Structures are given as C-alpha cells and as structure tokens.
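Trainee: Chains L and R supply the protein sequences, listed in that same order. Using the working numbering, you'd call the opening residue of the first sequence number -4 and step up by one each time. Using the working numbering, you'd call the opening residue of the second sequence number 211 and step up by one each time.
Hint data in this document are derived by calculation from the structure and do not stem from the laboratory. Please read these numbers as outputs of a predicted model, since none were measured by experiment. Be a bit skeptical, because a hint or two may be false.
[Unchecked claim] For lysine-lysine, the following DSS-like pairs were computed, each having C-alpha atoms within a straight-line distance of at most 30 Å: (1) K148(L) x K820(R); (2) K271(R) x K195(L); (3) K713(R) x K735(R); (4) K271(R) x K802(R); (5) K820(R) x K713(R); (6) K271(R) x K535(R).
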Amino acid sequence: MFKQWRLSRQKKRLKDPAFQFLFETPLDEDLVCFDCETTGLNPKKDRLVSLSAVKIRGQCILTSQALNLTFAQDQAIPEGSIKVHMIRNLDTQMGLSPQEAISQFLQFIGGRPLVGYYLEFDIAMVNRIIQPWLGIQLPNPTIEISERYYDQKWAQQSKTMMHPSIDLSFQAILEDLAIPNFGQHDAFNDALMTALIYLKLTEPNRKS
Amino acid sequence: MSYQQALNFLHQVTPFSSLDDQSLLQIAQALDVVYFALGTQLEITQTESSKQNAYLYFVIKGHIAEYDADQRQRAVYGHNTFFGDAILLKKERFLRYEVLEEAILYRLPQAVFLAFIQQPEIEGYFVDDIVTKLNRLQAQVQAEASSDALMGGVTDAPWQTLVEVSSETTIRSCVEQMNAQQTDACVVHFETETPGIVTAIDLLNALALSAQDVESPVGVLANCPLITVHQFDYLFNALLKMTKYRLNRLVVRSDDGLVGILHQKDLMNVFANQSGLAVIKIEQAQTVSDLQAVVKEIDRLVIHLNNRGVKTHYIAKLVNELHRKLIQKVFELLAVEQPELHQGCLLVMGSEGRAEQVIRTDQDNAFIWPDSIPKPPGLGVFMDNFSQTLIALGFPPCPGNIMVSNSQWCLNLSDFKQQLRDWLNQPTPERLMKVSILFDAEAVVGEVSLLQALKQTLFNWVDANQHFLPHFAKPVLMFDAPVNFLGHWVKDKPSGQAKIDIKKTGIFPIVQGVRCLALKYGITKTNTHWRIKALMDKKVLDETFGFELGEVLNYMNTLRLEAMIVQLNCEKTPDNFIQVTQLSSLQQDLLKEGFKVVARFKQLIDHQFKVSSVL
C-alpha cells in the first residue's frame, strides 16, 4: 500500500518521460545483479569509479551480455581506494560522464528487480546521480543477499540451542557456500559472485 | 578486465590453451556462467533455439556425470574440463548429464564453438582418435623443446655424392669416378644380386695387398648387402645402424632409389654431443674403468632425450643398444685370456632383452655353451667377476638372482633345455616368471644359434602342450586398472594419495599379454612393439587396435620414465609409482583412455586363452 503510493509519487516526479520504462513491469523474469567500485565508502561525498551489472536468467548468469561501465573523474581518485579496486586515474580517462553511464545502466536494468550485497550503498551511489537529474530514486524492487543468507543461516541455526553468530562478510559467505573467489574488488567479479550466491541461496534443495 | 577470469580459465583448458589470445578473448566474451544444483539433469541438443540447449559446458567447480542412451555412465567431468563437444559435433546422438556435485559452469554457444574449432591449433583435438591425440601431445612437447641434432632427419646431415658403377667397371675407372666426385666409396650394381659398396680402403687393399690389376672388375671387392637408411629417418637411427653393423658409411635411400652416402665422421660433426661420443668411447675403452664414464653419459642422454620429447620407445632402443655394446665390451675385456668363451652365447633377458629398459633397474643375463665343448675351466670365477663388474658399472644386481653368476643361468645347451622342460612341466609362479624372462632373451655375444635352439625347445613344447598357455596368461588379469567405475582414480590405500603403480596395472598386462600371444603364434621378436607389429602382420591383432596398444604402452612408459627421472634427481631409488595429481588434466585423461585400451586388451587375452577357466 505504502509502496504503491510511493511508486506513483515517484512516477509523478520523474522529470524525463524517456525513463518511464523504469516503472513498467518487465517482459522477462530476469534479475539484475550489480556492483560498484567507488572512491570511498561515504555515499554523500564519494564518487562512482566503475559499475558492472549482469542479468540472471533462470540458472544462468549472462556474463556474455554483461554491462561494464567506467566513470570519468573530475578529481583524482584517492590512493587508498586505488589500492582496493586497482583502477588508476589513467584507467578512467576513457570513462563516461556520470549521466551517460547511468543512462546506460538504467536502460540495462529497466524495471527488473536488483540483486546485490549491501545493495543500499550501491543504490545510494546511483541515486545521488539520478535524484538531481531525473527527480527520482531507483524504483526497482531489491533483493539483498546478505539478508537472505542471514535468514537461511538463522533458520538452520535456531534449531540448535546455540546462539547464532553469523559472519556476513562477503568472503565468509563465499567460503560457506563454496563459491570460487574469482577475485574480489572488481565490479564485474563481485557482481558475478553475488549472482552465484543468489542462485545458490534460491536453489530448491537447500531449504529442505 | 572483466574477462580476465574467463581468459585465465581458458588458458588452463586443453586444447583451448593452444589458441592465440585474440581468439581466447573472443571465446571468453561469449561465455555465460551457469549454476546447477545437485541432481539437476540436462541434455545437450544439436540445434540452437530458445528451448534447446546447444552449448559447450566448461566445469569451473563441481562434478557432472555423462550417460548414454542406454543409461551407461560414460564419464565424469570435473574442474577445468568440458563436455558437450560430442553432441555439438554430431559424433553422438544422445547424451544425458546429471549433476553429481553442485556445479558452476561456463557455457559457450554452439555457433562460437564451431567457429573456433576450425582453427588448426585445436581442430585435431576434436576429430582425432587417441593415437593422433598422443602423437599431438608428443609433437607439442617436441615443439616446446628446442630442436636437437639427434632428432634431426638424415637430410640435415651433409652427404657425400653417390657414385654408382656396375660390377664390370674396372678399378681404374672406379677410382677416377670417385676422385671426380671427391668421395671415398661407391655403390656397385650387379646384374642379378642386390647392390654392394666398395670403399677407398677396399680398393687400396686390393691393389696393395692382394696385388689386383687396376683393370680388373670391382665386382668381387664389393661388400654386400648394402646397409641403407631412409633420407627422412632420424639421425640417431642412422647412428644406431652404424653401431649395430659396425659401419662407417650408410647409403641414403629415398622412396625412388639411392641418393647419397652418409659418412660417420659427418654424422658425428652434426651430433657433437654425448650420444655419438658414448658409442666411440665404448669402442675405444681399454679397461673396465674407461667404461664407467660412459655409463654416466648414457644416463644424462636419457634425460636429455626425454626432455626433447623423443618417444620412450626410441630412447629405449638407443639406450639398450648402448647398454648391449657396453656389456659386450665388458665381456670382451674380461675374456681376453679365455677365447673359448666366445663359442658360447651371452644372453640379456627380461626388459633388457626386450630393449625396454631405459633406467637401469636390474640385470638379467645368462650364458649357454655348446654341448660340443667341455665346461670351460674357471667359468664360475669368470662369471662371478663378470656380474660384479656390471654391478660396479651401475647395473643393479637382479633381486631374483637371475644372473650368469648363478649356476642355474650358466649351463650347456642340453642342460639348459632340460631345466626349461622341468620348469614347464612343473610350473610355479616363480618358474613361469623365469620362462617369461628367458623367452625375452637376446644374444649379445657369441653363437646366436644356441639361443635359437633353446627358444625352439620352448615353442615346440608349447605347441604340444596348449593347456599351458592359460596359466602363462593368468598374470595378465591379476591387477585391476586404478580407475573405478565412476572414472575416478582409485587412491592408494594406506597413504590416501592418488598414486598408481603404472607398471603393475598398465605396462605389465600389455607386456605379458603380448608375450603370451607371441609364444602362441611362434613370434621370435622380443621387443613388445615389434611383437605387436608381428601380431598385426599375422592378423592376430587388428591394425587399429595394434597401433592403439603400442601408443598406450609408449605413453605409459613415458610417464614411468618421467617419474623415475624425478626420483633419480631427488636421489631416491626409482620405483614404478606415479603421482596422478602431478599430471595435467590432459595427461590424466589420456591415461584413463589408456587404461580403457588395457581393459579391452585384457578381455582379448581372456578370450584367446580362456584364462577365466583357470583362475
């Protein structure tokens, strides 16, 4: 009820009708998994450096149609963050302007649900660009895999008398679910691994 | 950046790893990642449409089993392997897959796969049978190592111009022609016989020592028959022929006729490395201690040749030829005072007799003297000395004491025959082993006819006692292949490591099985490859299977040799185990396919000799 109201309010605020499709029900049942690398961890101050998104269709992750975006930087990327994601200032020279890049991202996701790990942060980064430009925030439904993972772990562990202590770090989840680490802190790899976590958590056998 | 992972993955998957980076990148960009839960079933189809499943799958993690239309399990795929090619290439009509362990895979659309398999680097992989695959692996190893003179062809060496004359040509004319071409030998053609060769030394001797007239014909001086080598043969085969026949020259032939003369000194110039020198050093040795250095050189040569990717069969041929020369030389050096010993016959037996021993693991030898002479005086002392000398040179003693120093293996011909008949009449496993070892014997020094007579006794007895063969063939079926029905390696029990006894489970069944067939069909060759060839000629083995068997034997021997070289480098005593985990996945696959060939061969042996009836 509240969601519906918020959606229609967002829709009215949309400044550019070309992005109307964000509010339409998608024709397929694909999900989109995405991840960003940024200049830091503060969504109010820091900027996007790269963004990757892959579609999940059934049991398949369409890596062959992945979206990989690099953002042009108007200020130098802090050294600390370069050491994390390995994207140098040099590597962003061919990058797109934030609006151009996010426009491609919006075309890619359409109205599809978004899947991610601590998605709130990534969505906030995107919202910071589209809020002043389109007047809205990302309206897509979201699936937070750390929540899903916690719920499952809780369901498994609460049967015992042990007090659950669930490690929600990305590394711990990967290890627990036996997903190969393709190399972390690369937006594409993170999106791919997140998608694998999602598939594994939704696998039918697991719940039984 | 984002395709790096897929690229790295493809770099580890044979045969895709042979493609250039440009092609690999294109494949990497076409890959999707798929996740399958435990128990998921899938089929791969040949046509591409939204509902169909026409993809090649690469396993990143997990295990997938493959079943055919009759629900038989055909294979299990694990990390860094791929499946679906058989369907996509229309080699199979139906295959079903089941996820044995939840799996993450890459999948590649059929169209992309089909576009890339036409690249020459990988094309062969998908169309060839196991023989071609093995040859390709060999070629790859050879290409990776720098080329070496030893592996060069005869065409790489300088030849002398071929001078051909008829047997009626005068000595004078012959010398004139040789001078004109600056060569020191010429081929002499006869009207009726096969051609021969005349060298400058022959002519000199004829003129100076036999006082022949310069106008007399050269025909009588010719040495026949002509020993030739094909122009596309390996240089080391040319060297082998020269050592074997003690020649300085070989006539080079092409498919159309004779083309030139290869001189040993030219050949040595090309080699200018140990192998050639080893032969000369053996020839020149004056004392046993001179030979010590040669033994070390032979060992280095083995490692060197193996690194060059020379087939183990050829290495074994070369090394055994050198070893025999060495043993021969030792015998000659020790027997200087006892010329009567040359009337007897020194045998090398077992793996040495088959020319299949590359790393010296033991010595099996025997001595026969003719019934016409009494036991040579001091024979026992001489043979003890002989065995000790070989041991000192680095031929380890035989654990079963099958050596000339054991009086059981040093007898006159009739006693030897009687002993053989006793073994055959009252066989025990140990006696059967002795018969096997003797059956592989080859003469190294002295009268070959003594050995032939002894072997004839064996053939005659087996002909008259066919019930013997099933017992002789029994050991072929004794050891199971170390691959279980799921296609996994059977792990070594106490250690839990995946190490397999390649000799017991792979090499031995082939060698013993082929030996049985050779005994049954009266084949006198001793080398397993030559026996296989002879069995193919007799139509006992069909052409394809014979080749497969030979290649599998070669491959297993190579793996064994490599493991032994590693052990020698670590200063351990070489054994027959290989660590499966240290093999690449292509090597493991080939080995598994090899064990399938061994299994088929065991069935054939069981069928031929009705072995199951005596088990």
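Trainee: Okay, which hints does this one fail, numbers in order?
Mentor: Violated hints: 1, 6; rest satisfied.
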